[in-house]
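Here is what each chain is made of, one letter per residue.
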Amino acid sequence: MPVTPESQDLLQVRDLSCRRDGRRLFAGLSFALGAGAALQIEGANGAGKTTLLRTLIGSAGDFDGRILWGGSPFPQSLPQLRESLLFIGHRAGVRAGLTPLENLVWYGAGRDDALRALEQVDLFGFEDTLCQELSAGQSRRVALARLYLPQAPRLWILDEPLAALDVAGVSSLQGQMAVHLSRSGSILFTSHQPVALAGLQRIDLAEYAVDEFADEVGGAYAFG
Amino acid sequence: MPSVESLSGIAPAASRAAPGFGALLKVELLLVLRKRADIANPLLFFVTVLALLPLGVGPEPELLARVAPGIIWVMALLATLLSQESLFRSDFEDGTLEQVTLSPQPLYFAVLAKTAVHWLVTGLPLALLSPLLGLMLNLPAAGYLCLFASLLLGSASLSLIGAVGAALTVALRRPGLLLALIVMPLYVPVLIFGTGAVQAAIDGYAYSAQLAILAALLAAAAALAPLAAAGAIRISVDN
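The listed protein sequences correspond, in order, to chains A and B.
Position in the first sequence counted from 1, then plus 30, gives you this note's numbering.
Position in the second sequence counted from 1, then plus 255, gives you this note's numbering.
It should be emphasised that the hints constitute simulated quantities derived from the structure, not laboratory data.
Errors might be hidden in some of the hints.
[To be verified] No more than 20 Å apart at the CA atoms, straight line, and that leaves these computed lysine to any residue pairs for SDA-like:
#, chain 1, residue 1, chain 2, residue 2
1, B, Lys290, A, Gln162
2, B, Lys281, A, Ala77
3, B, Lys281, A, Glu157
4, B, Lys281, A, Thr129
5, B, Lys290, A, Gly127
6, B, Lys281, B, Arg291
7, B, Lys290, A, Asp158
8, B, Lys281, A, Gly127
9, B, Lys281, A, Ile87
10, B, Lys290, A, Leu160
Modelling step: build the complete structure from the supplied sequences, incorporating the hints.
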C-alpha cells in the first residue's frame, strides 16, 4: 500500500524498481518518510529488502525511478543524506580487534556517552573486552549501541536490527526507536518480526514483486 | 573530559565528530599491534628466503655480492605483496569498510592511514633489517647506506601501490595470485630505480638521482594511489 507523500517528507521514493545482478526484484514502489515517522519493510528472503536499503543509501546504483532526499533528487542529494544517516547493515561494522568502547569512539562518540550507551545495551562490564571475544548477539549490541548515543543522526536505516537479539534486547531497542521518533527522527528498517511502534507504517515488498519470467523475456528484447 | 552534549534533541549533522587523521592512524596501529603475527610473518619470510639463497646459488662471496641488491629488493617486494592481501579484508568482512564509504568524510584519508600503518609495520622494519641481510649476502660496504635509503623510500611506494590492488580484490574470496598479477607490473619502476641506486652505490657512482626518482615516485603514489584505492573500495563495497 503506497503511502501518500506529504510536503515535509524527508525521504520520498517514487515508482522505484531495483535490480540485483540484472534481475528485477520489485517495481512500482512509492513511499515517503517524514520526520518522526517509522517504516518497516517486510518481504520474504530474496524479496529485495536489503537491496532497497542499499539503494536508498546510495550503495547500489542499479535502479529506476526517483529518490528524493529533502526534496532534491539522487544522486545530487546523496551527500546530504549521508550526513544525517546512521546505517546498520547485515555486517554490523564492529571491528573484532577493538573493544566495544573503542568501536563507539571510532564512530565519533565521546567516552562518557559511549559508556552510557553500552550500559543501555546491557554490555556494562564488557567495554574493555575485545569484540572478537563477544558472542554474536553481544557484538550485534555493540553496533546497536550507536543508536543510543545522544548525537545519533536523524535518519536511521537498519537492516534486520532485531536479528540475534534476545527478548529484553528487542524491547529495549523498540523503546529507543520510540525515543528517536519522539525527537522527530526517522526510521526505516527491515524485519520479519512484528515491531510495536506507534504510527508504524508497513510495506510488504511481495506486493511489488515482478513477474520474473515475463520481465526476463521483455528484458531480453529491450536490452538484447 | 568530553563535553556533555545535549541529551534531548538530535544534534545537527555537522557535529558528528569525524575522526581526524591522527585518530585514524591510532586506531589502525592499535589493530595491527594486536595481531602481531601479521607483522612478523612477512619479515620472517623475507629473512628466511634470503638465508636460503646461498644454499641455492652457491656460497661464492663474489656471486652473492653481485646478486645481493637485486635479490634483496625482489624479496622486499614479495614480502610487501604477501602482507598486503589482508590490508582491507577484515574491514570489508565486518562491514567497517561499508560504514567508511557512507561517512561524509573522504575515503582518501582512511586509505592513507591504513597504508601508512602498513608501511610502518612492514616497509620500515624491512629497511631497518636490510643492512643485516646485506651482510649475510656479502653486499659491498659501499652499498649499505644506499640500500637502506632506497628501501625506506621504495617500500612506502610499494605499500601505496599495493593498496590499490588490495582494494580491487577485497571482495574476492581468494585474491592471492590475482593481486600479484595486478600489482607486480606496477612495482616495476620502483624495483628498477631501487636496484639501480644500490648498484650505482656499489660501483662507486653517485646515486642521488635514483633516490630522487624514488622520492618522486613516492610523492606521486601518495597523491594518486589512495584516490585509486578509494574508488576501488567503492566498487568492491557496492557489489
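Which numbered hints does this structure break?
-> 2 and 9
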